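There are 2 protein chains.
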Amino acid sequence: MAKVTKINHVAIAIKDVDESLGFWHDALGLDVDHIEDVPSQKSQVVFLPVGGSEVELVRPTTEDSGLAKFVAERGGGMHHLCLEVDDIEGMLEQLKAKGVRLINETPQVLPGRKMAFVHPKSAGGVLVELYQLTD
Amino acid sequence: MAKVTKINHVAIAIKDVDESLGFWHDALGLDVDHIEDVPSQKSQVVFLPVGGSEVELVRPTTEDSGLAKFVAERGGGMHHLCLEVDDIEGMLEQLKAKGVRLINETPQVLPGRKMAFVHPKSAGGVLVELYQLTD
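Chains A and B, in that order, are what the protein sequence lines are. According to the working numbering, the first sequence holds residues 3 to 137 in order. According to the working numbering, the second sequence holds residues 3 to 137 in order.
It is worth saying that the hints were derived from the structure and are not from the lab. Keep in mind it's a predicted model, so treat the numbers as computed, not measured. Certain hints may be false.
You can't tell identical chains apart in this list, so a pair holds if it fits in one copy or across any two.
Distance condition first, Cα-Cα at most 27 Å in a straight line; then the derived DSSO-like pairs of lysine-lysine [unchecked claim]:
hint, residue 1, residue 2
1, K100, K71
2, K100, K123
3, K71, K116
4, K44, K100
5, K116, K100
6, K71, K17
7, K17, K100
8, K123, K5
9, K71, K123
10, K116, K8
11, K5, K44
Using the sequences and the hints given, assemble the complete structure.
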């Protein structure tokens with residue numbers, strides 16, 4: 003049986019990087035590991051490691067994504083929860099067998115990881131991302 | 003300088019414990035450590051350890067809390083992010099000095115921990131809880 007091993011990250015939708023770092027970095031003291039453009043997700047991401055997990059500040063770079071809509075409607079806030087699993091294909095099969103609705107039926111393969119989103123309608127309103135780290 | 007050491011938990015507001023466990027426990031396979039009534043927070047909490055952190059499913063037990071309002075309006079979802087710190091009084095001073103608005107200016111003392119909430123208006127729409135574990 004596939005297993006969840008940890009919280010990989012909590013993603014926070016933001017409007018503006020500098021304004022957000024005023025709280026997360028300047029006030030709270032989290033270190034910025036790096037800032038990355040992720041065109042496949044139409045976003046720019048600030049990675050703030052904390053313990054063995056990360057807070058990720060995610061800024062939409064286009065106006066046509068779910069993330070952009072979220073920021074336009076709510077002004078920002080917690081966007082998704084990413085859980086690391088040991089076997090993402092096994093986990094997706096397991097979820098489908100339990101009737102869970104998936105956004106990605108098969109994992110997207112990215113450098114260093116495979117990922118898939120579970121539909122929030124099946125997860126109590128939470129957008130859950132699953133990661134399996136790869137070499 | 004006070005430091006954030008880890009993500010203690012991500013709290014998810016829920017309507018119904020059994021329905022929520024259908025996803026988080028039955029489908030995703032997270033173990034339930036215990037379920038606790040927390041009258042001071044007007045809630046019942048299901049603790050699901052994952053890695054060194056926890057997912058907490060939080061069900062309002064009254065109708066007059068912020069949590070109850072959140073569930074009534076949104077039907078559930080990510081409610082707050084709890085960060086563990088090494089010195090909560092020091093962290094609250096540090097945040098105040100940076101102009102961050104706090105819900106609790108001084109920590110609430112509970113068995114095993116001191117806690118305080120930061121106002122979401124100062125944290126990009128995220129309700130941030132701070133924990134310092136105590137003996």
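In ascending order, which of the hints set out earlier in this document are inconsistent with the structure?
-> 1, 4 and 11
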